[in-house]
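Peer 1: Residues per chain, in single letters:
Protein chains: 4
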Amino acid sequence: MEICTIGGYEQVGKNMTAVKVGEDVVVFDAGIYLPGIIELQDDPSMDYSEKHLRAKKAIPDDLILDKLGWSNKVRAIVISHAHLDHVGAVPYIANRYPNAVILGTAFTMAVLDALIKDEKINFKNKRQVIKDNATLTLKGESGPIKLEFIHTTHSTLQCVFPVWHSSDGTFFYALDFKFDDYPTLGLPPNYKRMREIGKAGTKVLIVDALYSGVEKRPGGERIAQNLLEEAFSSAWGKEKAIFVTTFSSHIERLNNIVKFGKRTGRQIIFMGRSLGKYVNAANNIKQCPFYKQVRIIQYKKQVNGFLRNVEKSRGKYLIVCTGHQAEEGSILDRITRGETPFKFRAGDNLIFSSSVIPAAVNVVARDKLDRKLRNIGVRLQTDIHVHGHGSREGLREILQILKPTHIIPAHGSLEQEAPMIDLANEFGYKFGETSHLASNGKVLKF
Amino acid sequence: MEICTIGGYEQVGKNMTAVKVGEDVVVFDAGIYLPGIIELQDDPSMDYSEKHLRAKKAIPDDLILDKLGWSNKVRAIVISHAHLDHVGAVPYIANRYPNAVILGTAFTMAVLDALIKDEKINFKNKRQVIKDNATLTLKGESGPIKLEFIHTTHSTLQCVFPVWHSSDGTFFYALDFKFDDYPTLGLPPNYKRMREIGKAGTKVLIVDALYSGVEKRPGGERIAQNLLEEAFSSAWGKEKAIFVTTFSSHIERLNNIVKFGKRTGRQIIFMGRSLGKYVNAANNIKQCPFYKQVRIIQYKKQVNGFLRNVEKSRGKYLIVCTGHQAEEGSILDRITRGETPFKFRAGDNLIFSSSVIPAAVNVVARDKLDRKLRNIGVRLQTDIHVHGHGSREGLREILQILKPTHIIPAHGSLEQEAPMIDLANEFGYKFGETSHLASNGKVLKF
Amino acid sequence: MEICTIGGYEQVGKNMTAVKVGEDVVVFDAGIYLPGIIELQDDPSMDYSEKHLRAKKAIPDDLILDKLGWSNKVRAIVISHAHLDHVGAVPYIANRYPNAVILGTAFTMAVLDALIKDEKINFKNKRQVIKDNATLTLKGESGPIKLEFIHTTHSTLQCVFPVWHSSDGTFFYALDFKFDDYPTLGLPPNYKRMREIGKAGTKVLIVDALYSGVEKRPGGERIAQNLLEEAFSSAWGKEKAIFVTTFSSHIERLNNIVKFGKRTGRQIIFMGRSLGKYVNAANNIKQCPFYKQVRIIQYKKQVNGFLRNVEKSRGKYLIVCTGHQAEEGSILDRITRGETPFKFRAGDNLIFSSSVIPAAVNVVARDKLDRKLRNIGVRLQTDIHVHGHGSREGLREILQILKPTHIIPAHGSLEQEAPMIDLANEFGYKFGETSHLASNGKVLKF
Amino acid sequence: MEICTIGGYEQVGKNMTAVKVGEDVVVFDAGIYLPGIIELQDDPSMDYSEKHLRAKKAIPDDLILDKLGWSNKVRAIVISHAHLDHVGAVPYIANRYPNAVILGTAFTMAVLDALIKDEKINFKNKRQVIKDNATLTLKGESGPIKLEFIHTTHSTLQCVFPVWHSSDGTFFYALDFKFDDYPTLGLPPNYKRMREIGKAGTKVLIVDALYSGVEKRPGGERIAQNLLEEAFSSAWGKEKAIFVTTFSSHIERLNNIVKFGKRTGRQIIFMGRSLGKYVNAANNIKQCPFYKQVRIIQYKKQVNGFLRNVEKSRGKYLIVCTGHQAEEGSILDRITRGETPFKFRAGDNLIFSSSVIPAAVNVVARDKLDRKLRNIGVRLQTDIHVHGHGSREGLREILQILKPTHIIPAHGSLEQEAPMIDLANEFGYKFGETSHLASNGKVLKF
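Protein chains in written order, with the working numbering: chain A, 1 to 446; chain B, 1 to 446; chain C, 1 to 446; chain D, 1 to 446.
Chain A extracted, bound-state conformation (with noise of 0.2 Å):
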């Protein structure tokens, strides 16, 4: 078993790995490292195409699977699940991997879709829906290859860990993940069949060891919930407006919104593009319960319009909307910036049910907007969140239920991938021998 640390092994972000066994490769991930993203829409000499994506380092450097031979060998690209670091690089890549089908659960599916769609992209591959906790055997050179997906939790729906029981062992790939024994919406993680494979043996685990530094867990999705259901109540004021705001690819966060939200006796409204791009993916595979409770509103005509009746009778609505990150053109950006009908005022409410991403542009962004609010006297309510990425002690059940005889951290630096080392030794593996720091573009043998 080869595997080549394409992507997302020095950074968050633009995570792809290729493993060979035999005469196949399988790709898993191929996603998008946003600083890259923003550096190429600041430049006004580029537009969103391969060649520009790659010149600002805002994909994969796949370019090595052409160097090793192994591009007309991969035979599937299977995405874990839904976010853009795992899957906003299929689009611009996949074309040169002709024979490969693009695997992934119906949510990430769609999302790709919808991804495709947008960007006008000429999408010539083969995709192909998979189940969670399913598995799926593809005709290979070398035989057949058989894949499994199996359910986990963390932040976005149907987030699978894709497996390949290959003729060289066990290959587990554990991005992204936390592990939720009481989720809010849909089911935990599939403990009993990790347990079966890490006793028939895994050979490499590839792990989300972003928070391998941190002792303390993060909680589960119920602790939000709670967050949620303290924010709405400290709410005020019946004839001001309450707006909150969220990642709109978390869609068991947006359904506790709305389960609260409803206790307000409000019309809820969701607002923005990218909110209904999601949402509407939810539900056309039947996974949004709360769709028929909202009224989606996703167009800049519409949204300003509406916004016209917000403004009016303000206590009558419960807005949901982009722009956590103060993104610029996210609704709660057009708002702050005058550009929509619907001023905030004293006493009106704004629900951050999200963190900071600790880049320096949304550092800045949020800072301005804040401060704006809080001196027209807005009540913000900030950080009323829980992140989707397990820590140390999630991390200590994996290797725990799994066992797997190689360990390669990813998703970070170097410097937040070493203390999964430490973690490891505990466990009584030995750095360089069968636990493995892996730069991009490196290959490892097993």
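Worth double-checking, as some hints may not be accurate.
Just so you know, same-sequence chains aren't split out, so a pair can sit in one copy or run between any two.
The calculated BS3-like cross-link candidates involving lysine-lysine, where the alpha carbons are at most 30 Å apart (straight line), are [as the list claims (entries may be wrong)]:
#, residue 1, residue 2
1, K259, K199
2, K56, K368
3, K445, K430
4, K259, K216
5, K301, K277
6, K343, K56
7, K240, K372
8, K372, K67
9, K203, K67
10, K403, K56
11, K51, K126
12, K146, K67
13, K139, K372
14, K442, K403
15, K57, K343
Don't read these hints as lab results, they were simulated from the structure. Just so you know, these numbers come straight off a predicted model, no measurement behind them.
Once you've looked at the hints, dock chains B, C and D against the given chain A.
Peer 2: Okay, now just chains B, C and D, sitting in the frame of chain A:
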């Protein structure tokens, strides 16, 4: 109305405030200051007398009341709740106020009784148990003294906000609290009565400003409950020991530990003197729902005897014990020093349902203890906890509800209290006019 | 003596204090508040008028002097030094005090003149240059107004502590300073005179408490000088560009840059408008020892022209330029945006003799700029700097020397000023009696 | 060339590296690990034997050399400098390599001799003093072993970079260093020779990466010198005591303390065992310029006797003493515990020319000591110090000069070493190919 800010206005600890209206003085709280206590314990030349406690500044400097000529006017000492930084100095200073009756809820008084008994104090003041959400009228020199005790939530049983409805206006004492609308034991704060008082008019509010600089909500006890449930579900090994440690006075937390602990099917043992003291106090007043489900072992000899059983049959028991701060002489401290028949082994579980109190002595003690246990291979789960002081959000709520004329932040250093002044600005208060920073030993007139 | 704390008591910026003795008022400083200025610049509907500066809270709210009936009693506005948070509001508010003469050292007045000229203000107040370590007596309604200007050290030229020897006692204004006993240009603070004043008795001290919470000494300018020498000795490459950037008003630093810069054998070019402004002001008053050793290029067209030479012969020049905070429109900003004929290349050197001012806008701007340049391979040397405000140690010294009766910390938020109250406790001051925290717009009587 | 990374690759401490070329092995350093030493001291059942040092992991695990069959091939143990994390384990492990000569500069060897004598070790290995900027050729099994010792700067006397010019290429060992071009005692680093070696080609560089994640230069010893001068000029009171404490092995710092101390006109007394040990070692090799200007008092009885004088005539002496980390048994520790005839009083001066080593035991000990002394009114000046490890800038320089083929960061945890990998990327190194992260006990082949 004159207010003397005796203690707790420049540090976390030794809270004490006196209020004078006419010829009558009411004192609110009289607590200890932990760093002073530790210095005293470190000094072999000193014992636990009033004199030495004063020398180490471990109790409030209430001699100022003599200078002011207030001492013989003190009609009552009202204790807000059972924590030592609020009640701990009472046994040493109450005799200075022979005319004062000591008032507190049943749990608070039970804890005071235990302190008096432990230290063999010859305590002569009259003691009277009050009910929460009730009023009491004392006879005063300048007319009746109408006191009210409003139920609130914090991190021990039967916490109240004492209120004095005086001829000079209403004095509201809001130390310590975290508004928890969804407590897991007992009732939420009595908002209804607070709103009534707010409407009727509050002259002065003294308020717990410890976390006034922190925007993020700590979250209610449900959060800790959920974290605990997760921690128990990931405690490994049928044949492995499970120990849990938390604050002994936190009956609600102990109740949650028992609730999830029962699921392990193990016998639940409470170990340690202070645990016994608080749990028995809670049971005496019929506020300990789990009392019959646990066995309490308080004294060294019995503890050692029982730990011999645990050593042999570690899978049979769930031990709840003292030592979350690795305090000298606590159960965990003695075990890790090898002074008991029980030794931790690889794979045993230890859950800290607490955070490290950020004083150097605790930090270093816990650092040593944690390191030792991790080296053995004990699985520590730490910070399974939320603390009991409201953040900026909770303070916004109390201001919104009570709308007091004057605000005095307390329960921290000036730097910790200063953000409350900024927050008050949001509500239109003016520093030096309607919001006030006081050091210890000042008199403010309203 | 009555003191009105007009501005700078709740933030870093817009310093302004008025002192009234009898029927005479003296104002000390009138500066701008940078975040307000940035908001104003961001708002296309606003220009640089007094009205809009007030709307954005970018200048002190001195309208309070009208309310107090003090405005027509203002005899002088004394400016302590040339920084914009002390002098920047003078052009916009001085006309409200037609009877007030503006007093400042030659450098300060030269900078004020430049501001007035730049903004084309119709400035009518009388201006008078004062000398440091000198006195001046003005005619007042209630007798002569004896002012003294004591030389101190900070981070620009000719800084003074203004002192008013009034019939009500001595008022000492100690904003801003860092005692530097070994300055690399100019003289150390006039301790001798301060000691005399201390002995004679100081009634009130207003003091720069920005770093009162920091125990460690920042160190004098010699430290920066040494760091600069190291930075120059490790700038690589005879054929590579060398750029240095620092605070334009910091003439002592610029002198050190030139001193070590000369060793490179390159021609030294100063580039940028604000550099030209301050260096010319220094030269006009014969306080710019390096003036003949550098060439100053101020305006865009000439800058672009000259940068064409630098591009071709990058080993020939040492460029000292604006842009240490990556300010929009600065030389560094324009170069990195590609708006000049010069482009940074791998191996070029850029030395930041400055620290990042910790406001979000600077942090994000510098983050972007640094990242861009590092990606190209430019060798950045950052933080070759010591700042100009004394820490706790320096504050101990001033208290020890002056032994004032009353202390009022200034130049920060209440949280930043609060540690000065603790420090004053060490010296026996009592909060609320002899040490005072004031917000903006208060009147204190002594 | 094979390199065995024995110790110091996962922690700060117990540095030890073995290099094998042909049938010859050279070992570089053999130091102790302080946390292990402290654990050993805390454990009454253990003494200072090799066995117990190994049990507490306080010395490098060099038993691996037996497993590799390298032990009997060790021809030399080269010690880079006199710090205990480099030389401290030599007395306990050298006997395992009977054929190895111990090599070090005169100061290093003098310190080693003192260790051997103190611990009464029966030390049999041959010892040979080397000169810096010199070479030495040993007879090896596979030909002559050409060693070179290049002078560098750090924070003690006579530090070298040992280099092995082997038949397999040049091995360069760069632990520990901070390039100081302007030392205040001794010479700057031998850049000339380094550049020659760089040109001739370096195969492997092992490098002190402790601060590879820190961009800002620490600055050279001149900075500390300047800070010291400031500290002395602001030490108050002719009749007050002045104490200074610093690292005993830091002869350059001690020289600066004496230089400025003399200005006080006081008699300079050095107090404490370890101060005596290092100063005498320096003097024995004629590297102690201040020796005749100070009086050294080493032993408890004399110390107590002399402190009686200091107590009486506190204005007469300047005391330089041990205890900068508040170590148990140090002079400062004993004084503050009241175990000596001298007591600190209000107004006495204590200058810490050191920083707190960030281990919990030091932090808490210093916290207690500082608090005690401040409460008395002692004037503490802390952090009058710059440390002796280069930051990212210094590491850029060594890479630029030596241009080694392979880089192995050392002297920290993996997280502390990982930023060196990023830095190496800037220079075109590739992780896993030309830049390497090793844990303890690995063998790398080049």
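Peer 1: Now look at each hint and say whether the structure bears it out.
Peer 2: Consistency of the hints with the structure:
Taking identical chains as interchangeable, the C-alpha atoms of K259 and K199 are never at most 30 Å apart, the minima being 40 Å within one chain and 32 Å between chains. In this homomeric assembly, K56 and K368 come within 30 Å of each other (Cα to Cα) both inside a single copy, at 27 Å, and across copies, at 14 Å. For the homomeric pair K445 and K430, the shortest alpha-carbon distances inside one copy (16 Å) and between copies (18 Å) are both at most 30 Å. For the homomeric pair K259 and K216, the shortest alpha-carbon distances inside one copy (28 Å) and between copies (22 Å) are both at most 30 Å.
Proximity of K301 to K277 under the C-alpha cut-off of 30 Å is restricted to the intra-copy arrangement: shortest distance 17 Å within a copy versus 49 Å between copies. For the identical chains of this complex, K343 and K56 are inter-copy neighbours only, at 19 Å across copies versus 37 Å inside a copy, given an alpha-carbon limit of 30 Å. In this assembly of identical chains, the alpha carbons of K240 and K372 lie at most 30 Å apart only when taken from the same copy (18 Å versus 44 Å across copies). With identical chains, the CA atoms of K372 and K67 are at most 30 Å apart between copies only, with a shortest distance of 29 Å across copies and 52 Å within one.
Both within a single protomer and between protomers do K203 and K67 lie at most 30 Å apart by alpha-carbon distance, with minima of 26 Å and 27 Å respectively. Taking identical chains as interchangeable, the C-alpha atoms of K403 and K56 lie at most 30 Å apart only when they sit on different chains, with a minimum of 28 Å there against 38 Å within one chain. In this assembly of identical chains, the alpha carbons of K51 and K126 lie at most 30 Å apart only when taken from the same copy (23 Å versus 64 Å across copies). Taking CA atoms no more than 30 Å apart as the test, K146 paired with K67 passes inside one copy only; the shortest distance there is 26 Å, against 42 Å between copies.
Taking identical chains as interchangeable, the C-alpha atoms of K139 and K372 are never at most 30 Å apart, the minima being 58 Å within one chain and 46 Å between chains. Taking the shortest Cα distances, K442 and K403 sit within 30 Å of each other both inside one copy (24 Å) and across copies (23 Å). Proximity of K57 to K343 under the C-alpha cut-off of 30 Å is restricted to the inter-copy arrangement: shortest distance 21 Å between copies versus 39 Å within a copy.
In summary, the structure is inconsistent with hints 1, 13 from the numbered list given earlier, while agreeing with the others.
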